[in-house]
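A.B. asks: The chain contents come next:
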Amino acid sequence: MQSGIFHTSYEKDMALRRTHAQKIRLVILIVLGLVFPFIANRYYLTLANQVGIAIIGAIGLNILVGYTGQISLGQGGFMAVGAYTAGILTARLGMPWWASTIVACIVTAMIGTIFGIPSLRLKGLYLAIATLAAQEIILWIVTHWKTLTGGVEALVVPDPMLFGIRMNNDFNFYWLVWGLVVVVTILTVNLFRTRFGRAFIAIRDQDIAASVMGVDLFKYKLLAFAISSFWVGLAGALIAHYRNIVTWERFTIDVSVLYLAMIIIGGLGSVTGSYLGAAFMMLLPAVLTNIGRAVKGFFPAIDSIIPFIQQATFGLVIILFLVFEPEGLNKIWKDIKDYFRLWPFSY
Amino acid sequence: MDLFIQLTLTGLTNGAILALAALGFVLIYKSSDVINFAQGEFLLVGAYVIFAMIAQVGLHWTIGMVLTLLIAVLLGVLVERLVLRPLIGEPIISVIMVTIGLSSLLRAIVSTIWGNQPKSFPPFIPSQPINILGATVGADRLWALVIAAVMLVLFNFFFTRSREGIAMRAVADDQQAALSMGISVKKIFAWAWSIAAATAAIGGALVANIVGVGPELAGFGLRVFPVVILGGLDSIPGAIVGGIIIGLLEAYTGGYIGQGLNQVLPFIVLIIILMIRPYGLFGQEIIERV
Chain F
1 MQSGIFHTSY EKDMALRRTH AQKIRLVILI VLGLVFPFIA NRYYLTLANQ
51 VGIAIIGAIG LNILVGYTGQ ISLGQGGFMA VGAYTAGILT ARLGMPWWAS
101 TIVACIVTAM IGTIFGIPSL RLKGLYLAIA TLAAQEIILW IVTHWKTLTG
151 GVEALVVPDP MLFGIRMNND FNFYWLVWGL VVVVTILTVN LFRTRFGRAF
201 IAIRDQDIAA SVMGVDLFKY KLLAFAISSF WVGLAGALIA HYRNIVTWER
251 FTIDVSVLYL AMIIIGGLGS VTGSYLGAAF MMLLPAVLTN IGRAVKGFFP
301 AIDSIIPFIQ QATFGLVIIL FLVFEPEGLN KIWKDIKDYF RLWPFSY
Chain U
1001 MDLFIQLTLT GLTNGAILAL AALGFVLIYK SSDVINFAQG EFLLVGAYVI
1051 FAMIAQVGLH WTIGMVLTLL IAVLLGVLVE RLVLRPLIGE PIISVIMVTI
1101 GLSSLLRAIV STIWGNQPKS FPPFIPSQPI NILGATVGAD RLWALVIAAV
1151 MLVLFNFFFT RSREGIAMRA VADDQQAALS MGISVKKIFA WAWSIAAATA
1201 AIGGALVANI VGVGPELAGF GLRVFPVVIL GGLDSIPGAI VGGIIIGLLE
1251 AYTGGYIGQG LNQVLPFIVL IIILMIRPYG LFGQEIIERV
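If you read the sequences in order, they're chains F and U.
Take 1 as the starting number for the first sequence in my numbering and just add one per residue.
Take 1001 as the starting number for the second sequence in my numbering and just add one per residue.
Keep in mind that the hints were calculated from the coordinates and are not lab data.
In this text, all values refer to a predicted model and were calculated from it rather than measured experimentally.
Heads up, a few of these hints could be off.
[Unchecked claim] In silico DSSO-like pairs for lysine-lysine, Cα to Cα no more than 30 Å straight-line: (1) F/K331 x F/K12; (2) F/K23 x F/K12; (3) F/K123 x F/K12; (4) F/K337 x F/K12; (5) U/K1119 x F/K296; (6) F/K123 x U/K1186.
Let the sequences and hints guide you as you build the complete structure.
C.D. replies: Have a look at this one:
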């Protein structure tokens, strides 16, 4: 019977997984992740890959919004930079997909840093509006710079090959994307145990106090934009290579909103929250479509309104979470764990 | 020269409608510090409701307009009561996000009821072309200009003469002080939201009369941002002046340069304004003290 967590050394206290239950859950998760592609059909593999890409994007956004407190509505634009850089380098210059992905991450990080410069002067909703403008400007450039991006036409990207194997069928891509998810997770979790991560959190909690204590606001805010955009660019590049096709419709303001919804519903300032939120928001439309198909026998007209139902549910879910559980799925998950850990004496 | 006058007139009238949408936005921000990302959807709902009243039910446009305004007021009160009030005191990102969620919900409701196809609107405002200094402009566009001007005067009276208007300014200035003077802050917030929804509905009716109703009317929600940032987030004259300037800017770039530059230029202006004068032309400069 456990009444609390007691550590006898600093090493134990600093560990990422501190209790037995956490270690057991991690092992179960890894085993499930390894077994999943062999038992799942193509539909579920596709969903899993989409969720994986979304997790990388959500972690990236969470570093900026959840950990550093800089609200960004430019996610879609930054993903577009990543996707188009990767797509153009591979399709036009014949660069291998892994190299173009790395370049895409770096380019996105640079663009993100440039649009992060206003963050020194602007806070809160002004920054949100500035990043909204960034989103609109980037997308306008993408659709109007025809010689580079092909404008509103779709950009076709060749199949990514590795050792003669096509990487973007659902089974092979699963290993690629979830491998990257693990890498991003480990790096991000550890980032917040370093000087940089702690500086980000200090800026979020009280930026003036942070600067009084010697945190260089300009440097660390730009760094947060750079690191965040780096992962967002990775997510964008993966979309380009997975889909074989890059179109501007995938990177509109709706995408920025979708990713913000992911991290808010999942939980701001939490990697677990990014996982939960990304999975929730990516699976919700699929679940609704399936429900729609199931009840089609009773309501033949349902096909035509499914997109509207999805949109309404999207809005409603955001509102309900913010009103009733502002700390998101991560808080619910914590409450469930606490309930079982303290059962039967939960008070 | 003809082109110049033509563009000026188009810009002025577009700007007047933008200003109407921005008015409600500023009103909400001024009284409750909430950025309303659903302002475009308020406009959308207003346009569709009056479309339903006139074209589908067949009411006379005066009755239709009155009913639309009533529904808009009701919508504003409901939104404030059910969605915004639980979020008082929450961080700014939650407030932004909840209005985004609201916008998505409203858009979905409108599309479910009326479908996604644009529909033409039975013109209830005369729209025959009128010649001014050699340029032609639809009468409905001129009406939009007149109505925006009337609204500005009305707002001005409301804020300086009426009890509610003065109370609203008091709440905007200092909520605690207003509370201790016996002003119900909750009631003021409800007022602000319903007036914002009503002005958006008027804007919606005007736009619908010019271009017809369609889901893309919600796009006004985003076009409002350059306007309010340019004019100052908390300034009502700023919303009008900002709307006119952005409207003219869009018309001139669209007419003289083209290339779709008129879509992005307002946002470039927005970034520049944010960099050099974040409180806008008429907004109140807030000095941060530790």
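A.B. asks: All the hints need checking, so say for each whether the structure fits it.
C.D. replies: Going down the list of hints, with the structure as the test:
{"no.": "1", "hint": "F/K331 x F/K12", "verdict": "holds, 24 Å"}
{"no.": "2", "hint": "F/K23 x F/K12", "verdict": "holds, 13 Å"}
{"no.": "3", "hint": "F/K123 x F/K12", "verdict": "violated, 37 Å"}
{"no.": "4", "hint": "F/K337 x F/K12", "verdict": "holds, 20 Å"}
{"no.": "5", "hint": "U/K1119 x F/K296", "verdict": "holds, 28 Å"}
{"no.": "6", "hint": "F/K123 x U/K1186", "verdict": "holds, 27 Å"}
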